[in-house]
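Engineer: Listed here are the chains, written in short residue letters.
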Amino acid sequence: MNIHEYQGKALFREAGVAVQDGVHCTSVEQALAAYDSLGSEVVAVKSQIHAGGRGKGNLYSSDSDDLVMEGGVKIASSREDVEEYASNILGHTLVTKQTGPSGKLVNNLYIEAGCAIAHEYYLALLIDREENSVLIMASTEGGMDIEEVAENTPEAIHKTWVDPIEGLHDSQKNALADSLGLSGSAHASLVEMVGQLVSMFVDRDCSMIEINPLVKTEGDTMVALDSKVSFDDNASFRHPWRAGLRDLSEESDIEVRARAHGLSYVDLDGDIGCLVNGAGLAMATMDVIKLYGGEPANFLDIGGGADRESITAAFGIILEDPSLEGILVNVFGGIIRCDMVARCIIEASEEKGLNVPLVVRFSGTNHKEGKEILDSCELETITTSTLAEAGEAIVKVIGGDSS
Amino acid sequence: MSIWIHEDSKILVQGITGSQGMFHATRMVEYGTDIIGGVTPGKGGQSVDLPGRSVPVYDTMTEAVSDTGGEASIIYVPARFAASAIMEAADAFHELNGGGLIVCISEGIPTLDMVRVVAHIGQRPGVRLIGPNCPGIISPGESGGCKVGIMPGYIHTKGRVGIISRSGTLTYEAVAQTMGVGEGQSTCIGIGGDPITGTGFIDCLAAFEEDPETEAVVMIGEIGGTAEEDAAEWVAENFSKPLVGFVAGATAPPGKRMGHAGAIISGGKGTAEEKFAAFEAAGIHIARDPSKIGDVLLDVLIEAGLRES
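If you read the protein sequences in the order shown, they are chains A and B.
For the first sequence, the numbering used here begins at 524 and goes up steadily by one.
For the second sequence, the numbering used here begins at 297 and goes up steadily by one.
I should point out that these hints are in silico values taken from the structure, not numbers from a laboratory.
Please read these numbers as outputs of a predicted model, since none were measured by experiment.
Warning: the hint list may mix true and false statements.
In silico DSS-like cross-links for lysine-lysine, where the CA-CA straight-line distance does not exceed 27 Å [claimed, not checked]:
1) K552/B x K751/A
2) K751/A x K565/B
3) K620/A x K565/B
4) K891/A x K454/B
5) K537/B x K682/A
6) K454/B x K537/B
7) K813/A x K565/B
8) K588/B x K620/A
9) K751/A x K579/A
10) K696/A x K682/A
11) K588/B x K891/A
12) K552/B x K565/B
13) K894/A x K588/B
14) K579/A x K597/A
Please build the complete structure, drawing on both the sequences and the hints.
Structural biologist: What follows is the structure, encoded as structure tokens:
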């Protein structure tokens with residue numbers, strides 16, 4: 524789960540991490556009132572969307588695709604600037620490197636007091652899967668795309684790992700501050716901040732905290748000028764407060780609805796819908812479709828506990844896709860029985876008005892019974908028993924190239 | 297022979313009185329697994345009826361292990377209690393037996409819980425964790441065998457191919473395809489789809505390398521992380537048996553979590569392409585088409601002189 528910058532900064536404040544004063548706004552009037560209340564002549568007017576690259580993104584009119592403004596983060600030096608930037612941002616679509624060409628509609632704005640910057644740094648905490656611990660990464664190359672820094676000047680990135688049992692040692696914090704070339708009060712400020720961030724990461728079950736840029740002010744203290752925070756969804760049960768931070772407009776509507784039915788769904792660009800049990804097999808099914816010359820329309824894992832209700836919902840979701848040409852069902856029965864899935868397919872196709880070719884591959888528990896049920900019903904299906912046959916059949920039946 | 301479990305392994309079930317625990321304990325006994333007891337806090341002293349046997353329930357793993365001599369446990373408790381169940385099992389096996397095998401089926405355990413669990417296990421040599429979020433481990437026997445997991449037992453047959461996979465049903469797919477070319481399995485292990493897991497590819501490969509009854513291995517990875525690349529690097533130096541590799545998710549878009557918590561291409565890293573390339577560089581025989589895993593295995597066995605055709 525991701526949250527907005529302004530929400531992340533509120534959590535920073537609670538954790539003691541230094542941030543500038545700022546106000547979250549949803550209208551131009553609020554933005555102007557925020558400017559008046561902050562008492563800072565220079566403020567940053569920042570688009571709030573979950574994707575990164577906002578500063579270098581462009582804002583477009585949501586109905587005409589006309590360019591409204593270059594840059595989704597602006598520095599305003601007057602009330603007039605704030606009014607202009609806020610009106611150019613709110614209600615418009617921000618397209619960045621990370622949003623894809625369709626961009627994200629901006630409904631939220633953050634007005635933040637300006638800051639006299641001496642230098643920009645990068646700081647991030649994330650789970651290191653291979654080292655089995657929380658990794659802290661810091662770099663003197665702040666404000667830049669960290670993946671580019673990692674590619675071009677890996678020596679500019681300093682890493683240290685939090686011991687899962689003993690925590691982060693003071694010597695590690697000091698070494699990290701040293702590696703950024705900090706001294707005096709900025710050094711002390713970073714040491715304190717790193718400790719606060721590790722506590723926040725653990726206490727709130729984060730999966731990532733990224734601050735880019737982290738700045739050293741002219742007053743020689745460290746301030747988090749940005750925040751990108753995401754949480755481990757598996758831990759949501761012990762953090763009920765997260766519900767209030769969730770912005771469903773930032774999530775794909777169809778993925779949200781799928782999740783409510785216990786389905787794991789990801790929208791793709793192709794025309795062959797997939798319904799599969801198990802995440803690995805679902806990916807492999809997409810891969811097979813592609814290898815046989817087709818294009819998958821989605822990833823869909825019905826999970827181990829699928830029932831009539833969730834399979835019907837899955838069909839409904841797949842059929843929403845206007846470019847859909849066919850559906851491939853691939854079920855390897857284990858706990859799930861293929862005969863149960865077969866009955867669900869028949870009921871769901873009646874209920875949802877199936878109007879595209881359907882290829883069904885059953886293997887495992889009760890696959891023969893499942894195939895018999897489908898072969899003897901009125902619904903037209905092509906049943907296969909291997910993954911290869913299934914891939915070939917679906918691509919052929921929609922008129923693609925299955926060479 | 298097989299790795300880590302064998303036909304006579306004594307297995308405990310943590311969460312045995314729950315619906316999942318009961319359901320799968322029954323299936324495991326039907327397959328031939330020697331389940332000798334279970335643990336559910338607060339239900340110690342009760343017993344549970346399984347096919348052809350009644351087994352005792354204990355409040356703690358320490359009681360269960362010391363009373364029954366259990367060598368391995370399988371965990372079916374809800375995600376929020378799973379981390380402490382794993383650590384309880386690790387402590388009991390470590391203190392009483394000097395080691396043991398823990399298989400955790402539970403899905404949805406918080407990542408930082410797993411970070412702590414894996415560190416905890418790292419301090420208890422001899423204790424091995426498989427999973428979480430995995431189908432478990434199975435070693436088919438002459439009749440029945442030992443199944444410590446949720447996989448459909450009947451699709452397996454005793455044989456010489458080892459299978460390692462991050463996925464559940466895709467493991468069954470690989471099993472079905474090895475059967476399709478007339479090969480059975482020595483041991484199949486689902487290592488789990490989470491970002492942080494206990495046993496990894498290299499642990500499994502090292503054990504298969506030592507196992508005289510395993511003559512070839514199928515390794516199934518997926519997008520996300522660098523476990524496949526690390527395994528490939530290890531294989532190049534240390535693995536001598538024929539090895540077939542597949543990576544699921546060549547068509548997965550970047551930045552999207554594909555069902556498994558660990559299956560995500562982040563920052564352009566963890567793509568199927570990189571993993572296939574690492575496999576190839578290490579001399580692993582790759583099956584780019586997941587419907588051809590069996591066919592590639594057959595070719596590899598023939599090439600290695602292990603089969604005529």
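Engineer: Are the hints correct? Go through all of them and say.
Structural biologist: Each hint, compared with the structure:
no., hint, in the structure
1, K552/B x K751/A, "holds (17 Å)"
2, K751/A x K565/B, "holds (19 Å)"
3, K620/A x K565/B, "holds (17 Å)"
4, K891/A x K454/B, "holds (23 Å)"
5, K537/B x K682/A, "violated (37 Å)"
6, K454/B x K537/B, "holds (18 Å)"
7, K813/A x K565/B, "holds (21 Å)"
8, K588/B x K620/A, "violated (37 Å)"
9, K751/A x K579/A, "holds (16 Å)"
10, K696/A x K682/A, "holds (11 Å)"
11, K588/B x K891/A, "holds (22 Å)"
12, K552/B x K565/B, "holds (12 Å)"
13, K894/A x K588/B, "holds (23 Å)"
14, K579/A x K597/A, "holds (10 Å)"
In this structure, the hints that do not hold are numbers 5, 8, in rising order.
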